[in-house]
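There are 2 protein chains.
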Amino acid sequence: MGQQIFKGNIIFTPSPEELKICAKSHIVVEDGTVEGIYERLPEKYGHAPVKDYGERLILPGFVDLHVHAAQFYQCGLGLDRELIDWLSDCTFPAESRFSDPVYAREAYSLFADELIRQGTARACIFATIHKESTGLLFEILQEKGIGAFVGKVNMDRNCPGFLREETEVSIEETEELIIQYGGHPLVKPILTPRFAPSCSGKLLAAIGELAEKYNLPVQSHLAENRREVEWVRELFPSRPTYSDVYFDSGLFGQTPTLMAHGIYLTDRELGLIKDNGVVLVHCPESNINLASGIMPVRKWLGRGIRAGLGSDVGAGHTLAMSKAVVRAIQLSKLMKFFDPWAKPLTIAEAFYMATKGGGSFFGKVGSFEKGYSFDAIVVEDDPRIAGRLSLEEQFQRFLYTGDDRNIIARFVRGRQVG
Amino acid sequence: MGQQIFKGNIIFTPSPEELKICAKSHIVVEDGTVEGIYERLPEKYGHAPVKDYGERLILPGFVDLHVHAAQFYQCGLGLDRELIDWLSDCTFPAESRFSDPVYAREAYSLFADELIRQGTARACIFATIHKESTGLLFEILQEKGIGAFVGKVNMDRNCPGFLREETEVSIEETEELIIQYGGHPLVKPILTPRFAPSCSGKLLAAIGELAEKYNLPVQSHLAENRREVEWVRELFPSRPTYSDVYFDSGLFGQTPTLMAHGIYLTDRELGLIKDNGVVLVHCPESNINLASGIMPVRKWLGRGIRAGLGSDVGAGHTLAMSKAVVRAIQLSKLMKFFDPWAKPLTIAEAFYMATKGGGSFFGKVGSFEKGYSFDAIVVEDDPRIAGRLSLEEQFQRFLYTGDDRNIIARFVRGRQVG
Numbered sequence: 514m515g516q517q518i519f520k521g522n523i524i525f526t527p528s529p530e531e532l533k534i535c536a537k538s539h540i541v542v543e544d545g546t547v548e549g550i551y552e553r554l555p556e557k558y559g560h561a562p563v564k565d566y567g568e569r570l571i572l573p574g575f576v577d578l579h580v581h582a583a584q585f586y587q588c589g590l591g592l593d594r595e596l597i598d599w600l601s602d603c604t605f606p607a608e609s610r611f612s613d614p615v616y617a618r619e620a621y622s623l624f625a626d627e628l629i630r631q632g633t634a635r636a637c638i639f640a641t642i643h644k645e646s647t648g649l650l651f652e653i654l655q656e657k658g659i660g661a662f663v664g665k666v667n668m669d670r671n672c673p674g675f676l677r678e679e680t681e682v683s684i685e686e687t688e689e690l691i692i693q694y695g696g697h698p699l700v701k702p703i704l705t706p707r708f709a710p711s712c713s714g715k716l717l718a719a720i721g722e723l724a725e726k727y728n729l730p731v732q733s734h735l736a737e738n739r740r741e742v743e744w745v746r747e748l749f750p751s752r753p754t755y756s757d758v759y760f761d762s763g764l765f766g767q768t769p770t771l772m773a774h775g776i777y778l779t780d781r782e783l784g785l786i787k788d789n790g791v792v793l794v795h796c797p798e799s800n801i802n803l804a805s806g807i808m809p810v811r812k813w814l815g816r817g818i819r820a821g822l823g824s825d826v827g828a829g830h831t832l833a834m835s836k837a838v839v840r841a842i843q844l845s846k847l848m849k850f851f852d853p854w855a856k857p858l859t860i861a862e863a864f865y866m867a868t869k870g871g872g873s874f875f876g877k878v879g880s881f882e883k884g885y886s887f888d889a890i891v892v893e894d895d896p897r898i899a900g901r902l903s904l905e906e907q908f909q910r911f912l913y914t915g916d917d918r919n920i921i922a923r924f925v926r927g928r929q930v931g
Numbered sequence: 514m515g516q517q518i519f520k521g522n523i524i525f526t527p528s529p530e531e532l533k534i535c536a537k538s539h540i541v542v543e544d545g546t547v548e549g550i551y552e553r554l555p556e557k558y559g560h561a562p563v564k565d566y567g568e569r570l571i572l573p574g575f576v577d578l579h580v581h582a583a584q585f586y587q588c589g590l591g592l593d594r595e596l597i598d599w600l601s602d603c604t605f606p607a608e609s610r611f612s613d614p615v616y617a618r619e620a621y622s623l624f625a626d627e628l629i630r631q632g633t634a635r636a637c638i639f640a641t642i643h644k645e646s647t648g649l650l651f652e653i654l655q656e657k658g659i660g661a662f663v664g665k666v667n668m669d670r671n672c673p674g675f676l677r678e679e680t681e682v683s684i685e686e687t688e689e690l691i692i693q694y695g696g697h698p699l700v701k702p703i704l705t706p707r708f709a710p711s712c713s714g715k716l717l718a719a720i721g722e723l724a725e726k727y728n729l730p731v732q733s734h735l736a737e738n739r740r741e742v743e744w745v746r747e748l749f750p751s752r753p754t755y756s757d758v759y760f761d762s763g764l765f766g767q768t769p770t771l772m773a774h775g776i777y778l779t780d781r782e783l784g785l786i787k788d789n790g791v792v793l794v795h796c797p798e799s800n801i802n803l804a805s806g807i808m809p810v811r812k813w814l815g816r817g818i819r820a821g822l823g824s825d826v827g828a829g830h831t832l833a834m835s836k837a838v839v840r841a842i843q844l845s846k847l848m849k850f851f852d853p854w855a856k857p858l859t860i861a862e863a864f865y866m867a868t869k870g871g872g873s874f875f876g877k878v879g880s881f882e883k884g885y886s887f888d889a890i891v892v893e894d895d896p897r898i899a900g901r902l903s904l905e906e907q908f909q910r911f912l913y914t915g916d917d918r919n920i921i922a923r924f925v926r927g928r929q930v931g
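Chains A and B supply the protein sequences, listed in that same order. Adding 513 to a residue's 1-based position in the first sequence gives its number in my numbering. Adding 513 to a residue's 1-based position in the second sequence gives its number in my numbering.
Okay, chain A solo, but in the shape it has when bound (with noise of 0.2 Å):
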C-alpha cells in the first residue's frame, strides 16, 4: 500500500478531554498506519502526491462495539415491547430466518454496507446460532474491507425450540468456525454467548475454555433489563452477581471482554468490571427503545471503567454512530434528574467513546496519532451553512445533523472502503 498523503481539517480526541483540531493540516500513511500529522509537509515528502480535501473535515471512522447483523431488518419495529418481550416476540423468530443462508447472505450484504455507508470502520458484531451464515458473514465483511470481530451465538435454553442449540453442537460448531476464519487480519472470531439467561451453565463453562484455548476475545450482554437480572438471580441461584456468572466460566476479562449495557450493577460487579478490564458498551438509543434504563455512564468512567459506544441494532434503530453520540450526551443530560451531581458527556467526551476508546478494543484504532491505524472519514457540509463556521462547530454540525451524505469517503487501515 506504501505512503499515503491526505489533506484537509483533522479533528480527533487523543484523550476524552481533548477535541484535536489540525486545520488544513497533512496526514501521512505508511502501510495503513498514520506517521504523522503536519500542517506543512516536512521537505522529505515534498514531491509525494496529496489527496487534497479542502475544506472538508478527516475524522477517525467509527467504532460500534455492540451490533447484530442478524437484526438490521428489524431496525425500528416492535419497539412498544421492553427486552424480554421483544426478544421472543420480534427477535428470536427473525433470527430464526438466518437457517437459510441465501436470505443470510442477501441480509448481511445490506448490513455491511449499511455499515459503511455510516462511516463506521469497526465494528463487534453478534451473528445467529448458524454456522453456515454466520461463515457467510465473516466473508461478505472481509470482501467489503471493515475491520470486526464476529461472533457465532451460542444458546442452548431460555429460547424457541427453533433456535436451541445441542450444547455440544454449539461447541463444536464455534470451533470449526474459530479454526476457519481465524487467520484474517481485519475480521477476526469472538466468543459470543449470548447472555447468561439462553446459556447453560456447561455451555458457559465450555465457551470460557475456548476462549482460553485460541486465546479470543468475548462478548456477551449484562444487566441491561431489571426483569433480566433478576431473571440471572433465580437461574443462578448460588452466583453472588450477574457478573459473577460470566467470570466463574472464564467470560469476563480473562480474555478482552465486552459487555453491551452494564445499567444495572453492582459494587462488587463495578469490582469485578474495573480489576479484569471488562469494557462495557453503552448503547444509548437501544436502552431507550426498550426503556431499558440510563446507564449512568459519567460515573462507570469515574470509577476507571473503559467503555464504547455500541449501536445495538436492532434495539438501536440505527447504524450511524453519530446518531449514537449525540444520544449518549442527551441521556447523561437527564441523569441529573436522577442525580443532581451528574454532569453530562461532553461532546468530545462521547466522540471518544465511540472512536479511541471502543478502538482500544481493536489495538491502536479510533485516534490519528502516530502508529495508530488509518481509519478514517471525511466529511463536507452545505458550504453555505458550513462556511459561517468555526471548524468546531462544524464538527459537532456534523455529529448533530449529518447522516450518510455527508461522508464522502471511508477508509479502514488505508484502504477506501466507501
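Bear in mind the hints are in silico, worked out from the structure with no lab data behind them. Keep in mind that a hint or two might mislead.
Which copy is meant is left open, so a pair is good if it fits within one copy or across any two.
What the hints assert, rightly or not - Taking lysine to aspartate or glutamate and the DMTMM-like style, the derived pairs with C-alpha atoms no more than 20 Å apart in a straight line are:
{"no.": "1", "residue 1": "Lys533", "residue 2": "Asp593"}
{"no.": "2", "residue 1": "Lys877", "residue 2": "Glu548"}
{"no.": "3", "residue 1": "Lys812", "residue 2": "Glu543"}
{"no.": "4", "residue 1": "Lys520", "residue 2": "Glu722"}
{"no.": "5", "residue 1": "Lys533", "residue 2": "Glu552"}
{"no.": "6", "residue 1": "Lys856", "residue 2": "Glu595"}
If you're wondering where the values come from, they're calculated on a predicted model, not measured in any experiment.
On the provided structure of chain A, position chain B as indicated by the hints.
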C-alpha cells in the same frame, strides 16, 4: 384546482387510539379537500385520471407546532448549555443577524426548503424582532406553498441591547405586519411574545390587545426550565403562576393559543390550560438537548389537555417531525423511571400529535377524513426490506429509520410543494 385522485397505501390517525390503514386505496380530493377514501372507486369517478403511487405509503403531512426559523443555522451547536445561557451565548447573537434582510432572505429560504423536504406541511414559526426580515419570511413561505403561522418576536427587556425593542415600536411594527400579511389563505400572522421574562407587563398587555383586536392566535413559551420558572416568579411577584402572567394579559386562550414546552406546571396552571383550550407543544429533542426535563405528556393528555409536537429548531437539531415522533415515544418510555405507573406513548398517539393533534390548530388539517385539507407525503422504502413487512411495519420503519430521501412527494391543500 378541481378534482384529484391518488392511489396508494393510505395511513392516518383519526384518533390517538386508531392507526387507520387503507391498503391499495384511492383518496379523492376536491379543490384541495379530502372527499373520501375508497378501496374501489365509485362509478362516478370511473374515467377520472388516477395518480397511482403503487406500493408507496400516503401519510398526512407533518405539523410542526413550534419552530424558530432564525435558528436553523444553529442546529446542533452550543448544546452544552441550558436554556438561559444558550439564549444569551448562542441564540441572541445569531438572531441579531436578521437585522440584515439579505442575510435573512438566504437563511429563511434554506429553512423553508428544508422544512418542505422533511415533509412538514404546516408550521407555527417564530421569526425574530426584525420587521423587514419577518416580512420576507411571510413572502418566502407563501411562494413555497407551505401552510404556516408566522410571528414577529416581541421583546423589550432582559435581552442584549441589539435585540431590545422599544415597547411602542414593537407593537407598531407587529400591527403593521398583521395588516400587511393578514390576507393570505395559508400563511398567516400569529402574535409571538418571546416569553414572559423578555417582555414587560406593558408589552404583554398590548400584545393581548392586538390579539383581541384582530382576533389572532398567540404563541409563546411556558415552563420549559426550572430556572426560567423561578425567574418568572421573581419578575412577576404579584402573579400566582407563570401561566397567570399570560392569562392576565389576554394571551392564554382568549384567542387560540400555543404554549411550547409546559414541563413544570402546577395544578392551577393545568386547570387554566384545560379550561382555556390552550394547546401545549411537546418538543422532546429540545428538552433533552437543553437538559430541560421530560414533559409528562401522557399525564397532561389524561387531564384533557390538547398537545401537539414541535421540532423547536434550533434547540431541537432537526426539522424532521418523524424524529420528534420517535423522540416523544422514547422520552415517554423513560417516564417510568420517575413514575412507575406511566405508560409510554404508542406510535399512533405520537403520530396523531404530529398530524391531526397539532393540525387542529390550523382547522381541518392532519387527517384524511372527509373535509380535511389534503396535506400529504408519499413515502417509499427499499423494496428489499419493505417488501417483507406489513403496512404497519413499513409505517413504523419510516418513522424510525427513514429520512427525507424516503419522501418522494409532498402536498399542501392539494398542491404539490416538493
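Could you work out which of the previously given hints the structure breaks and list their numbers from low to high? 3 and 4
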